[in-house]
Amino acid sequence: MKLKTFPGGLHPPDNKQWSAHKPIETCALPEELTIQLAQHIGAPAEACVQKGERVKRGQVVGQAKGFVSVPVHASSSGEVVAVEPRPHPSGRRLPAVVIRPDGEDAWIEDLTAADPHSLAPDALRERIRAAGVVGLGGATFPTHVKLSPPEGKKIDTLIVNGVECEPYLSADHRLMLEEPERVLDGIAILQRALGVARALIGIEANKPDAIALMRKICAGSAIEVVPLQVKYPQGAEKQLILALTGREVPSGGLPMDVGVVVQNVGTAAAVADAVRRGQPLIERIATVAGPGIKEPKNLRVRVGTPLAHLVTCCGGLSGEPAKIIMGGPMMGAAQLGLDVPVTRGTSGLLLFREQDLPLRLESPCIRCGRCVRVCPARIVPTAIAACGRRDLIEEAADLGAMDCIECGCCTYTCPAAIPLVQAIRQAKGAILAQRRKI
Amino acid sequence: MLAAVLSLGGIGLTAAVALGFAAKKFAVEVDPRELALLEVLSGANCGACGYPGCAAYAKAVAKGEAAASLCPTGGQATIEQIAHIMGVAAVAAEPQVAVVLCQGDSARAKAKYHYLGLHDCNAAQKIADGPKECPGGCLGLGTCARVCPFGAIEMTAQGLAVISREKCTGCRKCVAACPRQVIAMTPLGATVHVLCNSHDKGAVARKYCQLACIACHICVKTAPGAYVVENNLARALYPNPKEAVAAVGKCPTKCIRDFSDGYPEGSTFAPPVVKAADA
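Residue numbers (our numbering), protein chains in the order written: chain A, 1 to 438; chain B, 1 to 279.
Since the hints were made in silico from the structure, they are not lab data.
Hints are supplied without guarantee of correctness; some may be wrong.
Unchecked claim - Here are the simulated EDC-like cross-link-like pairs (lysine to aspartate or glutamate), alpha carbons at most 20 Å apart as the crow flies: (1) B/Lys126 / A/Glu406; (2) B/Lys63 / B/Glu80; (3) A/Lys51 / A/Glu25; (4) B/Lys112 / A/Glu320; (5) A/Lys294 / A/Glu84; (6) A/Lys56 / A/Glu25; (7) A/Lys428 / B/Glu265; (8) B/Lys126 / A/Asp391; (9) A/Lys323 / B/Asp129; (10) B/Lys201 / A/Glu25; (11) B/Lys112 / A/Asp339; (12) A/Lys56 / A/Glu31; (13) B/Lys167 / B/Glu265; (14) A/Lys323 / B/Glu80; (15) B/Lys112 / A/Glu354; (16) A/Lys154 / A/Glu31.
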């Protein structure tokens with residue numbers, strides 16, 4: 001049978017063989033935890049603890065500011081040693097709460113367990129918000145916002161994203177294999193919060209063991225497990241919706257415009273913890289891989305752990321790192337150093353040495369059309385990028401620059417090594433700035 | 001043959017009469033001064049006057065809506081011509097030139113990371129606040145040089161923008177394009193400048209740039225009244241008092257430059273012809 005998918009995309013070497021078979025290990029507590037206050041899309045949290053204060057594991061250290069915002073929590077017990085700007089994955093120094101763990105790792109006392117089936121959808125959303133649950137696929141959009149569709153938007157399908165199409169990463173894969181019940185429990189809660197009966201789990205066909213296991217435990221329920229063609233960016237929200245339901249999210253629209261909400265498998269597991277035990281999101285599973293690391297692993301890491309500590313847990317570096325990427329190689333962000341901490345959105349840490357990086361110098365566009373062929377958003381990257389470079393903002397908008405999902409397929413495939421995504425992003429920034437002005 | 005000549009000639013004649021009549025009857029009155037003004041303006045359409053191009057500025061001046069002194073690109077000569085056409089007194093405008101307040105090229109200032117991407121300062125600035133350790137220094141990707149309508153900006157081989165004092169007309173396009181506000185408008189007569197834009201403390205700035213101002217106050221002590229130090233950065237006062245030159249050789253990091261001695265290292269511009277200082 002032909003597997004479901006979307007038009008466009010490509011298949012870079014997935015390089016998952018280094019970590020996909022390795023069980024999740026728990027990363028030891030570091031000497032210092034740097035809890036960044038901006039760990040989600042939306043308004044950063046505001047610090048509510050002071051230097052010298054003692055905090056417990058799971059205690060709120062940053063209050064949410066606004067609806068599209070979530071609180072952040074201490075990921076271990078200890079003393080607050082600083083509230084100051086610290087290196088952030090964005091490359092800037094942003095306000096953070098620095099905690100020196102006391103080693104006791106004592107939970108805060110007032111965590112309350114609850115039975116999800118006795119709670120109303122509003123109460124479920126509030127518990128999810130209070131636990132600071134955000135999209136763990138990497139975009140870190142607050143989950144409670146996605147679960148609050150505005151009046152008049154009818155949601156009929158929940159899609160659970162177990163695709164993990166980024167090369168190297170295997171965190172979601174391991175989660176589905178090792179803790180499928182947690183994922184399933186989360187899905188049931190999400191279904192209840194949204195009031196939908198239909199749920200689909202999309203998994204790329206390169207994880208046959210996860211597909212088989214999820215199918216086995218979902219047997220007899222309304223949840224359908226759908227294997228998908230191995231192609232990047234199969235796990236992108238809009239592409240996943242198109243592949244699974246045949247519905248296309250309109251330009252400028254959201255999944256809820258076609259009656260769908262998409263949540264990552266990791267998010268589902270975090271939702272289960274938040275609702276069942278009141279446990280905030282203070283740890284996640286991240287893949288540490290790449291040729292620059294001695295022993296690639298899947299780690300359960302506390303939020304705030306410095307990347308250097310992850311490297312130590314994986315046997316150290318196998319050479320001077322020339323490129324450090326947080327997330328996957330296609331959409332992840334290059335980091336300035338290993339002093340940056342893990343945030344809720346850290347799905348992986350990839351290390352590359354000088355010799356692993358292809359040196360591709362930019363040359364003029366040869367009009368081969370490869371970027372057009374692979375673009376999953378079905379726009380013309382080369383034309384938009386050209387407009388972006390020349391500050392032709394209206395023309396870029398007319399060519400659909402805002403529909404770009406920044407998946408990186410065009411840049412990856414470009415034989416002339418043109419930084420297409422960066423140029424399109426430049427155009428998008430200019431378009432947004434212009435719209436704000438008007 | 002004759003019929004053809006007559007008919008074509010007839011059509012031509014009728015059309016000529018009609019056109020001639022229309023030209024008189026529906027003529028659009030153009031202020032002759034507007035046309036004269038357009039002649040004297042540079043035609044660069046740089047927008048420095050605040051109007052969308054030279055024609056729009058000429059129209060505004062002719063209507064009496066704009067001052068005669070707004071075009072910086074032609075210098076005093078143009079302003080006088082405009083004033084002559086409009087029959088008003090010419091206002092003496094101090095010519096302004098743009099100066100890049102930085103000498104930290106790639107050989108002297110430390111890079112934060114190896115940047116591979118769009119050759120554009122605004123794009124690079126968005127990635128971790130730019131590839132230079134210094135938060136204020138010239139990024140050297142030439143965005144200013146590309147927007148300059150007068151070809152007055154060159155990029156040195158080591159990646160530093162240098163602005164020609166002869167070619168710069170003071171249109172401010174580069175000032176608007178620079179993401180780091182490292183380009184300042186200064187009076188042409190002032191040739192002494194503190195070429196640094198880092199507000200970090202001396203010890204920090206010294207670590208990432210050999211030519212950074214470390215706010216040691218030696219310039220202020222050597223030439224009081226010619227410099228001020230604000231927020232860890234010295235600044236030359238304009239117009240330069242005569243004493244300003246005295247501090248040039250005294251600066252321990254050599255970040256004060258007298259442009260009459262020449263442009264920053266790496267520039268191919270010939271040292272400027274020294275103009276009489278105003279002070």
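Given hint B/Glu265 paired with B/Lys167 - CA-CA distance at most 20 Å: Judged against 20 Å, a Cα distance of about 19 Å means the pair holds.
Hinted pair A/Lys428 and B/Glu265, Cα distance within 20 Å: violated, 38 Å
Pairwise hint evaluation, B/Asp129 against A/Lys323, where the allowed Cα distance is 20 Å at most: holds, 18 Å
Straight-line alpha-carbon gap A/Lys154 to A/Glu31, limit 20 Å: violated, 48 Å
Pairwise hint evaluation, A/Glu84 against A/Lys294, where the allowed Cα distance is 20 Å at most: violated, 33 Å
A/Lys323 paired with B/Glu80 [C-alpha distance capped at 20 Å]: Violated, because 59 Å separates the two Cα atoms, which is more than 20 Å.
Pair hint A/Lys56 and A/Glu25, alpha-carbon separation not exceeding 20 Å: Violated. A/Lys56 to A/Glu25 sits at ~23 Å, over the 20 Å cutoff.
20 Å limit on alpha-carbon distance, applied to hinted pair B/Lys112 and A/Asp339: Holds: B/Lys112 and A/Asp339 sit about 14 Å apart, inside 20 Å.
Given hint A/Glu320 paired with B/Lys112 - CA-CA distance at most 20 Å: holds, 16 Å
20 Å limit on alpha-carbon distance, applied to hinted pair B/Lys126 and A/Asp391: holds, 16 Å
20 Å Cα cutoff - pair A/Lys56, A/Glu31: holds, 16 Å
Straight-line alpha-carbon gap B/Lys63 to B/Glu80, limit 20 Å: holds, 18 Å
Of the numbered hints stated above, those contradicted by the structure are hints 3, 5, 6, 7, 10, 14 and 16, listed in ascending order.
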